Amino acid sequence: MTSVGIVVFPGSNCEQDCMRSLSALGASPEMVWHTESALPDVDVVVLPGGFAYGDYLRTGAIARFSPVMDAVSKHAEAGGLVIGICNGFQILCEAGMLPGALRKNAGLKFLCKWTEVRVENAATPFTSRAHLGDVLRIPINHFEGNWYCDPETLGRLRDNGQIVLRYVDNPNGSLESVAGLCNENGNVFGLMPHPERACDAVLGSEDGQVILRSMLDHMRSSVA
Amino acid sequence: MAFSALVNVMLKPGIADPQGQTIERALPVLGYTGVREVRVGKRIQLELDAADANEARDRVVEMCDKLLANPVIESYEVTIR
Chain A
1 MTSVGIVVFP
11 GSNCEQDCMR
21 SLSALGASPE
31 MVWHTESALP
41 DVDVVVLPGG
51 FAYGDYLRTG
61 AIARFSPVMD
71 AVSKHAEAGG
81 LVIGICNGFQ
91 ILCEAGMLPG
101 ALRKNAGLKF
111 LCKWTEVRVE
121 NAATPFTSRA
131 HLGDVLRIPI
141 NHFEGNWYCD
151 PETLGRLRDN
161 GQIVLRYVDN
171 PNGSLESVAG
181 LCNENGNVFG
191 LMPHPERACD
201 AVLGSEDGQV
211 ILRSMLDHMR
221 SSVA
Chain B
225 MAFSALVNVM
235 LKPGIADPQG
245 QTIERALPVL
255 GYTGVREVRV
265 GKRIQLELDA
275 ADANEARDRV
285 VEMCDKLLAN
295 PVIESYEVTI
305 R
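Listed in order, the protein sequences are those of chains A and B.
With the numbering used here, the residue at position 130 of the first sequence is 130, and numbering never jumps.
In the numbering used here, each residue's number is its place in the second sequence (first place is 1) plus 224.
In isolation and in its complexed conformation, chain B is listed as follows:
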């Protein structure tokens, strides 16, 4: 069966995110006050074949551990559809 996978990769909590900080500083300039905790991540989408959704998830999780995310600084979430 064909599955679609969405992977959200984020810097782990507590790790400084200079891109997020820059956006956070820019928003009030446009009048958007009171915005906090802006964090920037990556979204990776892919399609794959697997016997079922569980197998698809396992394979994508393995891809995340090996390549798509760096466990030293990043965490990830996998959604299978």
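Only chain A is shown next, with the shape it has when bound in the complex:
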């Protein structure tokens, strides 16, 4: 059973959704409080959505200095999987574990709605259950999802296939409609849409399972 550590910061608010979705998919998730200096023995680390430290100064700016983030960084350096969802994505960018930064939405509105995202790279540990070009229906819920990086970095990301998800209809002004991207090694992934909220047909979509199941598959296959 794939073990998952869900990091909880003061102000996180999607950890229970992650817990529930991952449990339903057969994983064994547990919460990890942000003051821990070590992670329990887990295969995957989830940085969930929310408003860590009230999003003061900038989203993720304070959270990245939480004691647990050193352990998360080491987990990633050792090849372990890390997924940052929404606020988690913002934290990974602030920590320099993913490139770029997330700015206020271009329309200056908090966006809470369904979006469609296209899979631009199906060869990552987070998208292996999808096919290139598949469109997934997953909701967003953010004020700062307008991703940006400098042109040189963007070229490198394109060449390396690090742009993993693009919005079909860009809701927030994100550069090149980027909705999700991974690091160069492919084991750290951040996305603004919330796959954990799209894992149950009664909630409107099960497409989020594609992301979460891919991630769990990867751990099972690497253990086997």
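None of these hints come from the bench; they were simulated from the model.
No experiment lies behind these values; they were computed from the predicted model shown.
Treat the hints loosely; a few may be bogus.
Lysine-lysine pairs mimicking DSS-like chemistry, simulated, CA-CA at most 30 Å apart [claimed, not checked]:
#1 B:K236 - A:K109
#2 B:K290 - B:K236
#3 B:K290 - A:K113
Place chain B on chain A using the hints.
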């Protein structure tokens, strides 16, 4: 010695500033025409102890690089008094 520091954090030139654009669109409604290039930033003020002004500046610059600004999208200016 005690010093005061002022830090102005601005989005880098060329990075879209939707707050500035919104203000720019609002000003003509009040009759202020001909206003251009409105940009919105943050001002952070703090006090600190340091041996001299240079050391104070160095420390604040370090704070900016680590926390107060995000170098991907923001630039900053430090004034020590």
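For each hint, the structure was consulted:
A distance of roughly 22 Å separates the Cα atoms of K236 (chain B) and K109 (chain A); the hinted pair therefore holds under the 30 Å criterion. With a C-alpha separation of about 17 Å, the suggested pairing of K290 (chain B) with K236 (chain B) holds against the 30 Å cut-off. Using a Cα cut-off of 30 Å, the hinted pair K290 (chain B) and K113 (chain A) is violated, with the two alpha carbons roughly 34 Å apart.
The structure fails hint 3 only (numbered hints given earlier).
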